[in-house]
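Here is how the chains run, residue by residue.
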Amino acid sequence: MSAPGNGSRRTLAELSVPSEPGNERRAMEEVAGTVEALGLPDRTLERLKTAVAEATMNAMEHGNRYRGEAPVFIEVSATDAELSVKITDEGTGPPVFDPQTPDLEAKLDGEQTPRGWGLFLIKSMVDEMNVTGDERHHTVELILHLNGRAEGGARWP
Amino acid sequence: MAVKHLEVGVRREPGGTVLDLRGEINGFAEGALDAAYTEAEKGNRDPILLNFEGVDYINSTGIALIVGLLARARAAKRDLSAYGLSEHYVEIFNITRLSDFVSVFPDEQSAMEIAN
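Heads up: the protein sequence lines correspond to chains A and B, in order. Take the working numbering: the final residue in the first sequence is number 171, and no numbers are missing along the way. Take the working numbering: the final residue in the second sequence is number 1231, and no numbers are missing along the way.
Hints are computed from structural coordinates only; laboratory data are not their basis. Heads up, a few of these hints could be off.
Sample of chain B residues facing chain A (criterion: CB under 8 Å; computed from the structure) [as the list claims (entries may be wrong)]:
(1) VAL1118
(2) ASN1141
(3) GLY1142
(4) ASN1174
(5) ALA1179
(6) LEU1185
(7) ARG1189
(8) HIS1203
(9) ILE1210
(10) THR1211
(11) ARG1212
(12) LEU1213
Listing some non-contacts, in silico: residues in chain B with all C-beta distances to chain A over 12 Å [unchecked claim]:
(13) GLY1124
(14) GLU1128
(15) THR1132
(16) ASP1194
(17) ASP1222
Even glycine gets a Cβ: it sits at the ideal position worked out from N, Cα and C.
Could you put together the complete structure from these sequences and hints?
Shown next, in the form of structure tokens:
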């Protein structure tokens, strides 16, 4: 979802990774390489990498059920104002994320499972997260606002 | 990109038992992490220090494994500390509130000084 007046959207890369355990790391490194020219501050880049890894892992696990022949597609695009990473799997029905907000004390007391951090981490790492789906695909879109985020910018010290 | 499976060394020091972690903390790490922690807690009540200097990737499943270790430490009333985390993973420890329960230090020396 682009803000008006931010210039045309440029597709920076279209990638895919097989749905095999551990491939979320490959996805995050490929996205990091793709956005290198944007000059994101290190902290922002690390946050983006974590969000991409978690969204890709969710897509491989819940959307594609770790079927190696079912790839996760990743589209990276940007306007002057924002960077978008769309992560699409072949799942049907509503996308699966643990809806419970993780509560560490509840987890330590056995009232919540120790897992369930993925969605929380994604939301904490990017400015916006949009989830869409139809009968054949789920897409999670991660958005970073770029204004003020150039290397040395004031928004993220 | 090949997964760097976690390797864990167990090292007894006067100030506590150090788990030297090397590789990735993800779903593949569960066996190595649990075995090393079990070895570390044998026969003593010393603090356990997690050395993350050799770790370059932790995902949400890895966070869950660390929560599991913390639950074991709390049940045994044992101190659990961490050092050597990158700036990014210190932030993750903060936002997940792990750092409310696991003392985080920049290096082994400062962790040992507090432990002693």
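Do the hints match the structure? See the list:
1. VAL1118: holds, 4 Å
2. ASN1141: Where the cut-off is 8 Å and the nearest Cβ of chain A is about 7 Å from B/ASN1141, the hint holds.
3. GLY1142: At 6 Å from the nearest chain A Cβ, B/GLY1142 passes the 8 Å test, so the hint holds.
4. ASN1174: holds, 6 Å
5. ALA1179: Interface hint status for B/ALA1179: holds (4 Å vs cutoff 8 Å).
6. LEU1185: holds, 6 Å
7. ARG1189: Cβ of B/ARG1189 sits 6 Å from chain A, so the hint holds.
8. HIS1203: This hint holds: B/HIS1203 lies near chain A, its Cβ roughly 4 Å from the closest one there, short of 8 Å.
9. ILE1210: Because about 5 Å separates B/ILE1210 from the closest Cβ in chain A, which is inside the 8 Å limit, the hint holds.
10. THR1211: With a minimum Cβ separation of about 6 Å from chain A (threshold 8 Å), the hint on B/THR1211 holds.
11. ARG1212: holds, 5 Å
12. LEU1213: holds, 7 Å
13. GLY1124: holds, 22 Å
14. GLU1128: holds, 26 Å
15. THR1132: holds, 21 Å
16. ASP1194: With a cut-off of 12 Å, B/ASP1194 remains clear of chain A, as the shortest Cβ separation is near 15 Å.
17. ASP1222: holds, 20 Å
Consistency with the previously given hints is maintained throughout, with no hint failing.
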